[in-house]
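Undergrad: Listed here are the chains, written in short residue letters.
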Amino acid sequence: MSVFEGFRFRYIHSPIHQLDPRVKFLYVLIIFGIAIAFLEVLPLVLLFLIQIPFVLLASVQREWVRSLKGASFLAILIFVVNFAFGYFGGTYPSSMSPWEYPLAMSLRFLVLVESFSIFFLTTSPDHLSLALEQSHVPYEFCFAFTTAIRFVPVLAEEAQTIMDAQKARGLELERGNFIKRVKNYIPILIPLIVSAIRRSLELAEAMESRAWGATEKRTNLYLLKMKSADYALIIVSLGMLICSIYVRLYISVPSLTMLLT
Amino acid sequence: MIEVKGVSFTYPTGVEALKGVSLEIRDGEFIAIMGSNGAGKTTLVKHFNGLLKPASGEVFVGGVSTRNVSIASLARKVGFVFQNPDHQLFCETVEEEIAYALKNFGFEEEIVKNRVTWALNLLGLTQYRQTSPFMLSGGERKRLALASVLAWDPKVVVLDEPTIGQDYEQKEKLRQFIVQLNAQGKTVIVVTHDVEFVADCGPRIVLMAEGKIVADGDAKEILTNKELAFKASIVPPQITQIFLGLADFGLPMDVINVHEAGRILFNFLKEEVKP
Chain A
1 MSVFEGFRFR YIHSPIHQLD PRVKFLYVLI IFGIAIAFLE VLPLVLLFLI QIPFVLLASV
61 QREWVRSLKG ASFLAILIFV VNFAFGYFGG TYPSSMSPWE YPLAMSLRFL VLVESFSIFF
121 LTTSPDHLSL ALEQSHVPYE FCFAFTTAIR FVPVLAEEAQ TIMDAQKARG LELERGNFIK
181 RVKNYIPILI PLIVSAIRRS LELAEAMESR AWGATEKRTN LYLLKMKSAD YALIIVSLGM
241 LICSIYVRLY ISVPSLTMLL T
Chain B
1001 MIEVKGVSFT YPTGVEALKG VSLEIRDGEF IAIMGSNGAG KTTLVKHFNG LLKPASGEVF
1061 VGGVSTRNVS IASLARKVGF VFQNPDHQLF CETVEEEIAY ALKNFGFEEE IVKNRVTWAL
1121 NLLGLTQYRQ TSPFMLSGGE RKRLALASVL AWDPKVVVLD EPTIGQDYEQ KEKLRQFIVQ
1181 LNAQGKTVIV VTHDVEFVAD CGPRIVLMAE GKIVADGDAK EILTNKELAF KASIVPPQIT
1241 QIFLGLADFG LPMDVINVHE AGRILFNFLK EEVKP
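Respectively, the protein sequence lines represent chains A and B.
Numbering-wise, the first sequence is residues 1 to 261 according to this note's numbering.
Numbering-wise, the second sequence is residues 1001 to 1275 according to this note's numbering.
Hints are computed from structural coordinates only; laboratory data are not their basis.
It cannot be assumed that every hint is accurate.
To be verified - Just so you have them, the derived chain A footprint on chain B, three or more residues with Cβ under 8 Å:
1) 1046–1052
2) 1073–1084
3) 1093–1107
What the hints assert, rightly or not - Okay, the calculated beta carbon distance ranges per label pair:
4) B:1073 x A:214: 54 to 60 Å
5) A:200 x B:1037: 23 to 29 Å
6) B:1015 x A:52: 23 to 29 Å
7) A:215 x B:1016: 22 to 28 Å
8) A:206 x B:1241: 32 to 38 Å
9) B:1003 x A:141: 40 to 46 Å
10) A:231 x B:1008: 30 to 36 Å
11) A:141 x B:1135: 31 to 37 Å
12) A:141 x B:1177: 46 to 52 Å
Every residue gets a Cβ at the ideal spot worked out from N, C-alpha and C, and that includes glycine.
Work the whole structure out from these sequences, hints included.
TA: This is the structure we're talking about:
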């Protein structure tokens, strides 16, 4: 559940929250691209550190740390699996010692979680929907998308309540062999699915009664407008992209192993 | 039976739900826990069957600290009926739904059968034995949830908001049922906002506000105290408000029950009308 916490939006007044979601998404995509482009630990560490000012500026440190904590298990798993496969006859760049490649892989994962976490923590679902709409995505899709995001925390909370209710009836999730443990989740999944379906029907009725889809062309009370801070972020992001492409193509990045020896 | 000693609890989201709560609940008591939304009522009762463990302080159930005991073994003693029955119903038939917890607690086949029949009978659900729980009405589902807990005969029964969404008749039935359970020696703990319901039951009231217990005492004493009621954002029962307004006539100010009020008024008027 803690990973979800790290993606849960809370409204705070900060310069990062004010940014245009489209620009923030561009930034996330560029970080994503750079993280994929490099296999060395050094640039990935740099990429990780470079985002910390954003987190501080948006004052979402606590949630951000929580999302990283949630992701740390997977990061460790990625490290172990890569290490094991590399060790038992896999191939990794010869300039690296066996631990550097797996380390880079988990770092890459953490950078991705970090940037997506910043995006979702600082972008309200409403803004996201607006951004989609203004990018000419049909309104039905925007609505479905934001509704899905909007209901993730609700569903997580409901799952917790159902778990409590069944534990109060003597359900022990951790008991039994593997098959029994999977079966233990049936008393939780059925009420959860039933209530999700019930809720979606109720939502549909509520929307109908508020005249959803009555007009072909919707207008919005708020419109996204690019401000100077948005252009600044675009320039910074593109600058980072160009720099990294240049470094990738013309400079050989030393691996940690080479630096240490 | 249940002893709460200086318990504090903070949710992972940072909400401080309980701030040093101490409470003693004796065997066979009938307690209503009241207070505004977010006062910490549900958080407190979730400590009674170990669903939540105190961050600091201790909770003792039957003399044993809840810290080192599994939820399942505590649930055997403390039955918890959740607010929304839809959060627990999942079986194909009403019968299986009631048997589910019994099987979890490892009762023998024969006993399970007897208990199911007994519980169905107790809450008037016998005719729905083979029906799917999802086909029942709201009130019936609520009764089924109650039956599925009472089936294993826990010593303590905790009911979270039992009166929400129930009509007057169902509420009255539920009240009689709860009073009867209590009369049979069960400890009953009700979490509720419903002052009229509590006034009719007349239990010991524990009043909570902002994660603390602000008052603890007899229903009469607490429901007629305007200051306390305001602090915990509950409204005194309507009949109490009337009697508070009539205090100038020398009428008692601690009336919470409509029947009692009728009798007092009747006697008062008889005196007044006398030539």
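Undergrad: Does 46 to 52 Å hold as the CB distance between residue 141 of chain A and residue 1177 of chain B, or does it fail?
TA: holds (50 Å)
Undergrad: Could you say whether the range 31 to 37 Å given as a hint is met by the Cβ separation of residue 141 of chain A and residue 1135 of chain B?
TA: holds (36 Å)
Undergrad: So does residue 1003 of chain B sit 40 to 46 Å from residue 141 of chain A, Cβ to Cβ?
TA: violated (56 Å)
Undergrad: Is 23 to 29 Å respected by the C-beta to C-beta distance linking residue 1015 of chain B and residue 52 of chain A?
TA: holds (27 Å)
Undergrad: Apply the coverage criterion to the stretch 1093–1107 of chain B and chain A: a residue qualifies when its Cβ sits closer than 8 Å to a Cβ of the chain, and three qualifying residues are needed.
TA: Three-residue rule met by the stretch 1093–1107 of chain B, so holds; n is 4.
Undergrad: Between residue 206 of chain A and residue 1241 of chain B, does the beta-carbon spacing fit 32 to 38 Å?
TA: Distance hint for residue 206 of chain A, residue 1241 of chain B holds at roughly 36 Å.
Undergrad: With a C-beta cutoff of 8 Å, work out whether three or more residues of the stretch 1073–1084 of chain B approach chain A closely enough for the coverage to hold.
TA: With 6 residues in contact (Cβ-Cβ under 8 Å with chain A), the coverage given for the stretch 1073–1084 of chain B holds.
Undergrad: Between residue 215 of chain A and residue 1016 of chain B, does the beta-carbon spacing fit 22 to 28 Å?
TA: Given about 47 Å between the Cβ atoms, the range is violated.
Undergrad: Using a Cβ cutoff of 8 Å, are there at least 3 residues of the stretch 1046–1052 of chain B near chain A, or does the coverage claim fail?
TA: Holds: 3 residues of the stretch 1046–1052 of chain B have a Cβ under 8 Å from chain A.
Undergrad: Does the hinted range 54 to 60 Å hold for residue 1073 of chain B and residue 214 of chain A at CB?
TA: Holds, since residue 1073 of chain B and residue 214 of chain A (Cβ atoms, about 57 Å apart) stay within the stated range.
Undergrad: Note whether the CB distance of residue 231 of chain A and residue 1008 of chain B lies within 30 to 36 Å or breaks it.
TA: violated (49 Å)
Undergrad: Please check whether residue 200 of chain A and residue 1037 of chain B have a Cβ separation lying inside 23 to 29 Å.
TA: Given about 26 Å between the Cβ atoms, the range holds.
Hint violations for this structure: numbers 7, 9, 10, all remaining hints satisfied.
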